Amino acid sequence: MPNTEAASSGASPASAAVPRNKGALRVESLIVLAILVAVMAFASPYFFTVPNILNVVLATSTIGILALGATFVIGSAGIDLSVGSILAFAGVIGALVASTLGLPWWLAIPAAVLAGAFAGWINGLVITYGNVPAFVVTLGMMGVARGVALLITDGQAIYGLPAPLIWLGQGRPFGIPVPALVFIVVAIILHFVLSYTRFGRHTLIIGDNERGARAMGVPVRSLRIKIYILSGMMAGLAGLLTTARVNAGDPTAGMTFELSAITAAIIGGTNLFGGRATILGTVIGALIMGVLQNGLNLLAIPSFWQQISIGVVLVAAVWLDQFAKRGRE
Amino acid sequence: MLQINDIKKNFGPIEVLRGVTFSVDAGECIAVVGDNGAGKSTLMKIITGVYKASDGAVMLADKEITGTEPGEIRELGVEMIYQNLELASQQDVTANIFLGREPTMRFMGWDTGVIDFKSARTQAQEMIRQLGARLPSVDIQVGNLSGGQQQSVAIARALTFSPKVVIMDEPTAALAVREIQHVLDLIKELKSRGIAVILISHRLTDVFEVADRIVALRQGVVIADERTGETTMQDVVAHIVGAH
Numbered sequence: 001m002p003n004t005e006a007a008s009s010g011a012s013p014a015s016a017a018v019p020r021n022k023g024a025l026r027v028e029s030l031i032v033l034a035i036l037v038a039v040m041a042f043a044s045p046y047f048f049t050v051p052n053i054l055n056v057v058l059a060t061s062t063i064g065i066l067a068l069g070a071t072f073v074i075g076s077a078g079i080d081l082s083v084g085s086i087l088a089f090a091g092v093i094g095a096l097v098a099s100t101l102g103l104p105w106w107l108a109i110p111a112a113v114l115a116g117a118f119a120g121w122i123n124g125l126v127i128t129y130g131n132v133p134a135f136v137v138t139l140g141m142m143g144v145a146r147g148v149a150l151l152i153t154d155g156q157a158i159y160g161l162p163a164p165l166i167w168l169g170q171g172r173p174f175g176i177p178v179p180a181l182v183f184i185v186v187a188i189i190l191h192f193v194l195s196y197t198r199f200g201r202h203t204l205i206i207g208d209n210e211r212g213a214r215a216m217g218v219p220v221r222s223l224r225i226k227i228y229i230l231s232g233m234m235a236g237l238a239g240l241l242t243t244a245r246v247n248a249g250d251p252t253a254g255m256t257f258e259l260s261a262i263t264a265a266i267i268g269g270t271n272l273f274g275g276r277a278t279i280l281g282t283v284i285g286a287l288i289m290g291v292l293q294n295g296l297n298l299l300a301i302p303s304f305w306q307q308i309s310i311g312v313v314l315v316a317a318v319w320l321d322q323f324a325k326r327g328r329e
Numbered sequence: 001m002l003q004i005n006d007i008k009k010n011f012g013p014i015e016v017l018r019g020v021t022f023s024v025d026a027g028e029c030i031a032v033v034g035d036n037g038a039g040k041s042t043l044m045k046i047i048t049g050v051y052k053a054s055d056g057a058v059m060l061a062d063k064e065i066t067g068t069e070p071g072e073i074r075e076l077g078v079e080m081i082y083q084n085l086e087l088a089s090q091q092d093v094t095a096n097i098f099l100g101r102e103p104t105m106r107f108m109g110w111d112t113g114v115i116d117f118k119s120a121r122t123q124a125q126e127m128i129r130q131l132g133a134r135l136p137s138v139d140i141q142v143g144n145l146s147g148g149q150q151q152s153v154a155i156a157r158a159l160t161f162s163p164k165v166v167i168m169d170e171p172t173a174a175l176a177v178r179e180i181q182h183v184l185d186l187i188k189e190l191k192s193r194g195i196a197v198i199l200i201s202h203r204l205t206d207v208f209e210v211a212d213r214i215v216a217l218r219q220g221v222v223i224a225d226e227r228t229g230e231t232t233m234q235d236v237v238a239h240i241v242g243a244h
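Which chain is which? The protein sequence lines are A and B, in order. Residues 1 to 329 (my numbering) make up the first sequence, in order. Residues 1 to 244 (my numbering) make up the second sequence, in order.
The following block holds chain B by itself, in its conformation from the complex:
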């Protein structure tokens, strides 16, 4: 589904990614692990179009998407849930779920640019209901929600437009135990629906519960790409810290 071919990225003289290659199939969950500064977040931002790769290609269903704008990449079905969620805290839940994709009203075939608030609100409510998220209302300002509720909003935003690939950056880092299980169950659910999931996590117990493969990054290169069933937590830790 998603293929990353020899991606390189340097910020000035600093090489953050030095040729990263791996792929994710539909219905598969890949965990990307690595120490701070290994290049995980940079790689994800290249996939979503926020950063431009210095070299290499990202392919979505055999079509190159490298260099495409973030909005177009979302249109193509690649969604990311950022570690800091990237919500607009002074806007309500509906506005955040439809951020960048507000449904607008048409007049004789023309896009008027006027937001269809009713349709957005109804769809947002439906999405929140399907996710089973506990929110008092979709009209509440996101800044007034708890951390777990805010994450539900970010997840709803990623899933509303039937994505093909979902990237999650440390989705469980800031959550309570019960909420962590909720997110892990969600990842399994996405897999069963044929969605490719890339999970970035420091929590190896989570990784071993949901990931099919584990890709370890160190200093901008893939130093291990192993099936979860064929490796152990000790091995993965060793890859991350570079003991091999």
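For reference, chain A alone in the conformation it holds in the complex:
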């Protein structure tokens, strides 16, 4: 083997001065969450109670599950604007299977998840083989999935769901809401997938340098399709839980949720331009939004302020990131 340079030290143990790649979680988001929780706990005596904390996690779960998918999509330098509409589409399909068609209730679960996966697969196919930008494809799917949901329900919500299905949205085993449990379990699984598997590693690498990844033999197209399928599946799961929680397959559910999901991922430190993302960061990002919303509710601040505050938090998060980057360079 070549050893062409005389007397060099080679790789030494990790030196303290260099930033390590592992745990690319931004501490900033954790600090923001801590400050937010402290402020809310100070402002409202009700905030730091077990029922309220469970409410926060329940309120976070829908956006959170969508944001888990968005973490992979944005980490791969893509974007998925269709998840809010896919949520409605899949939720309607789930309600249709369990209620209108009268099939066994549990079939609603694979039906909704597969409906979401199917929409995501179409997104992925058009993006990779059609060479159409993800922004355009998923914007189109946003319209199509919503339209199909409205079409098959004739614009009316589907009611009359079987009790076990409703339990998925409203049940509280050991006091913990089922959607919150699902969010936590899926987050743990996807954390493992993103941080420890080739699939997760390659997701971030095509977000970092797609051409290089292809030259090194990463199957970029099939990987991208899988990532959009994953995002669609998360939207399908969120749709099912939403349907179960409100006891209706509502074709107008999930409006603008894609923006909240993207916001949660970005606040959590996902690089908007791809290449860096952590599930833990996204969970924290989603919790920041949940706490903000919950706190403002407790303080009886009009909901219009919630929209304003979330918009400000998003821009502030990205601005802080740019600021920190400039500091490093």
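Hints in this document: simulated from the structure, not taken from any laboratory. Fair warning: this is a prediction, and the values are worked out from it, not measured in the lab. Among the hints, erroneous ones may be present.
Unchecked claim - Computed list of lysine-lysine pairs in DSS-like fashion (alpha-carbon distance at most 30 Å, straight line): (1) A:K226 x B:K118; (2) B:K118 x B:K8; (3) A:K226 x B:K45.
Unchecked claim - Interface residues of chain A toward chain B, partial, derived using beta-carbon atoms under 7 Å: (4) G130; (5) R172; (6) S195; (7) Y196; (8) I205; (9) D208; (10) N209; (11) G212; (12) A215; (13) M216; (14) V218; (15) R221; (16) G275.
C-beta atoms are modelled at their ideal positions from N, C-alpha and C, and glycine is treated no differently.
Using the hints, position chain B against chain A.
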């Protein structure tokens, strides 16, 4: 070792390669020279599978590899060090060295898809040590390294899996003098180990130091294929600019 037979490539109506033929033996270094737009990079990307040839064949040890996917071509032992290195700057050194070939853990014979971080890190460290590259750590993000260090990572990636053919696209263009010598010594080392090297370079002094043969491309065709000892720098320049 590697044979390129009458490769043609057109992008729409534009003919970039109009029938290129040459070969490289084991332990031999071929320099491919030519002006910008002569088709050098296109040809290399056809060899590595990034582009598909419009016509012609690439043979590796008498087996046709034309049309094979980039990952499979790497598996067969053809590696390329790109001019822009093609690293993932937000990933660490280990991740870049094993990019596309991450070692995974097996469970009862099944590939779990779970990366074996420990084995990758150990092997990456060993590779960096053997190369004599000066890196603070294999855990550092590649984007935080200097240009020369980043190139060491790209070289380590190309050499980790015992390649048969190594293609280098302008490996010395962005380097300091001391680092250039390092790369040239490395090419000699690869030759002595029986690896075929294709060097694309504008720096004719480098070419004359390490190449056994010089292939000059102009407007998509080979206009000269000469032994280094039997030609002069003036002749090569004349081939490149088309003064003959």
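Taking 30 Å as the top limit, are the C-alpha atoms of A:K226 and B:K118 close enough?
Roughly 27 Å separates the two Cα atoms, so the pair holds.
30 Å Cα cutoff - pair B:K118, B:K8
violated, 44 Å
Restraint outcome when A:G212 is required to lie within 7 Å of chain B by C-beta distance
holds, 3 Å
So, A:S195 near chain B? Judge it on the closest CB pair being under 7 Å.
violated, 9 Å
Within 30 Å, alpha carbon to alpha carbon, are A:K226 and B:K45?
Measuring from Cα to Cα gives roughly 26 Å; hence the hint holds.
Given hint A:R221 near chain B, where the shortest CB pair must fall under 7 Å:
violated, 11 Å
So, A:I205 near chain B? Judge it on the closest CB pair being under 7 Å.
holds, 5 Å
Please verify that hint: A:R172, Cβ, nearest Cβ of chain B, below 7 Å or not.
Hint on A:R172: violated, closest Cβ of chain B at ~34 Å, above 7 Å.
Taking 7 Å as the limit, does the beta-carbon of A:M216 come near enough to a beta-carbon in chain B?
Check passed: Cβ of A:M216 comes within 4 Å of chain B, closer than 7 Å.
Tell me if the interface restraint on A:A215 is satisfied: Cβ within less than 7 Å of some Cβ in chain B.
Holds, because the Cβ-Cβ distance from A:A215 to chain B comes to roughly 5 Å (cut-off 7 Å).
Does A:V218 meet its interface restraint, that is, does its C-beta lie within less than 7 Å of any C-beta in chain B?
Result: holds, 5 Å to nearest chain B Cβ.
Under the criterion of a CB-CB separation shorter than 7 Å, is A:N209 in contact with chain B as hinted?
holds, 5 Å
The structure fails hints 2, 4, 5, 6, 15 (numbered hints given earlier, in ascending order).
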